[in-house]
Amino acid sequence: MERSLSMELVRITEAAAIASSKWMGRGMKNEADDAATTAMRVVFDTIPMRGVVVIGEGEMDEAPMLYIGEELGTGNGPEVDVAVDPLEGTNIVAAGGWNALAVLAIADRGNLLNAPDMYMDKIAVGPESVGKIDINAPVIDNLRAVAKAKNKDIEEVVATIMDRPRHKDIIDQIRAAGARIKLIGDGDVAGAINTAFDQTGVDILFGIGGAPEGVIAAVGLKCLGGEIQGKLVPQNEEEAQRCIDMGIDVSKVLMMDDLVKGDDAIFAATGVTDGELLKGVQLKGGFAESHTLVMRAKSGTIRFIEGRHSLQKKPNLVMND
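Take the sequence shown: its position 201, counting from 1, is numbered 200 in numbering that gives the first Met the number 0, and each next residue is one higher.
Just so you know, the hints here were simulated from the structure itself, not pulled from any lab data. You may find that some hints are simply not true.
[Unchecked claim] Below, simulated DSS-like cross-link-like pairs (lysine-lysine); rule was C-alpha separation at most 30 Å, straight line:
id	residue 1	residue 2
1	Lys181	Lys278
2	Lys278	Lys21
3	Lys131	Lys21
4	Lys230	Lys181
5	Lys260	Lys230
6	Lys230	Lys283
[To be verified] Pair by pair, the computed Cβ-Cβ distance ranges are:
id	residue 1	residue 2	range
7	Ser250	Gly68	50 to 56 Å
8	Asp244	Lys312	30 to 36 Å
9	Asn90	Glu61	25 to 31 Å
10	Phe196	Ser3	24 to 30 Å
11	Gln240	Ala62	18 to 24 Å
12	Ile301	Asp162	39 to 45 Å
13	Asn150	Ala62	41 to 47 Å
14	Ala175	Ala239	51 to 57 Å
15	Val252	Asn150	22 to 28 Å
16	Ser298	Pro47	17 to 23 Å
17	Gly200	Glu236	37 to 43 Å
18	Glu236	Gly130	32 to 38 Å
Cβ atoms here follow ideal geometry from the backbone N, Cα and C, with glycine treated the same way.
Please put together the full structure from these sequences, using the hints given.
Below you can see the structure in the form of structure tokens.
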């Protein structure tokens, strides 16, 4: 895969983040998502690659663009799988909350799990704790393992988990263990990635979120040397049958190499709203300022990129009501 693709992906996530940032706090999550998706799709047409969406906005009959199976890029360049979440945290943007991202990941063709659109139970950690966790182990055992790996007391460990009724038992166990908790409303891609950066204060992610987001997070953590494990959680017979049809054993723990194979993958995320790791888009007198994280697994390179964009020269980023 061409290393220059890293910077090309930044252009895509920047466009999606800027376009959706206009809707921050306005209570209009669908409009925000549409703006991000449209801007992302426009820039994809300029990228020198032969991409196929394996994780996107839905099936062809559900999504007008960035649908699963859609071909992206100029038709020249490497053949890649594409996983996109034009706006990870639509509710976050609608409410003006923290940690909304425009995010995407690519890998060589055939290397990303085509995860079904259903729930996945997840556990994620940064580099120090790789090989120490087990999604099937009790919560207390994983907390102790992370505390030991990071040379912390268990009371110093911070777990992040989405604030959902389904997580009450896990939250109770974390509290009983004496560890600290950072509850998040949405956005478990950000939650997983944050475990690999000391400045976020997050040590481990627990809980059930979207399976497609689990694959995107796996690419980011592969670039960072972290780890995520997942188990699909079908909610009905139809979802269970879909797993069977795809040849996926729902009792199997999906490890890093199940989610993203190989050693060459790229992850990019631009902040839409402020978060622990990335600043959100700032709109200032005809300009937009962005903050992006881009990483490549093969080289281990991690870049934080600050951008300043003229909205007059990029009118496609100015979405009208």
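Each hint tested on the structure:
| no. | hint | result |
| --- | --- | --- |
| 1 | Lys181 x Lys278 | holds, 19 Å |
| 2 | Lys278 x Lys21 | holds, 15 Å |
| 3 | Lys131 x Lys21 | violated, 42 Å |
| 4 | Lys230 x Lys181 | holds, 22 Å |
| 5 | Lys260 x Lys230 | holds, 17 Å |
| 6 | Lys230 x Lys283 | violated, 44 Å |
| 7 | Ser250 x Gly68: 50 to 56 Å | violated, 28 Å |
| 8 | Asp244 x Lys312: 30 to 36 Å | violated, 48 Å |
| 9 | Asn90 x Glu61: 25 to 31 Å | violated, 19 Å |
| 10 | Phe196 x Ser3: 24 to 30 Å | holds, 25 Å |
| 11 | Gln240 x Ala62: 18 to 24 Å | holds, 22 Å |
| 12 | Ile301 x Asp162: 39 to 45 Å | violated, 29 Å |
| 13 | Asn150 x Ala62: 41 to 47 Å | holds, 46 Å |
| 14 | Ala175 x Ala239: 51 to 57 Å | violated, 32 Å |
| 15 | Val252 x Asn150: 22 to 28 Å | holds, 27 Å |
| 16 | Ser298 x Pro47: 17 to 23 Å | holds, 19 Å |
| 17 | Gly200 x Glu236: 37 to 43 Å | holds, 41 Å |
| 18 | Glu236 x Gly130: 32 to 38 Å | holds, 36 Å |
Hints 3, 6, 7, 8, 9, 12 and 14 from the list above are not met by this structure, while the remaining hints are.
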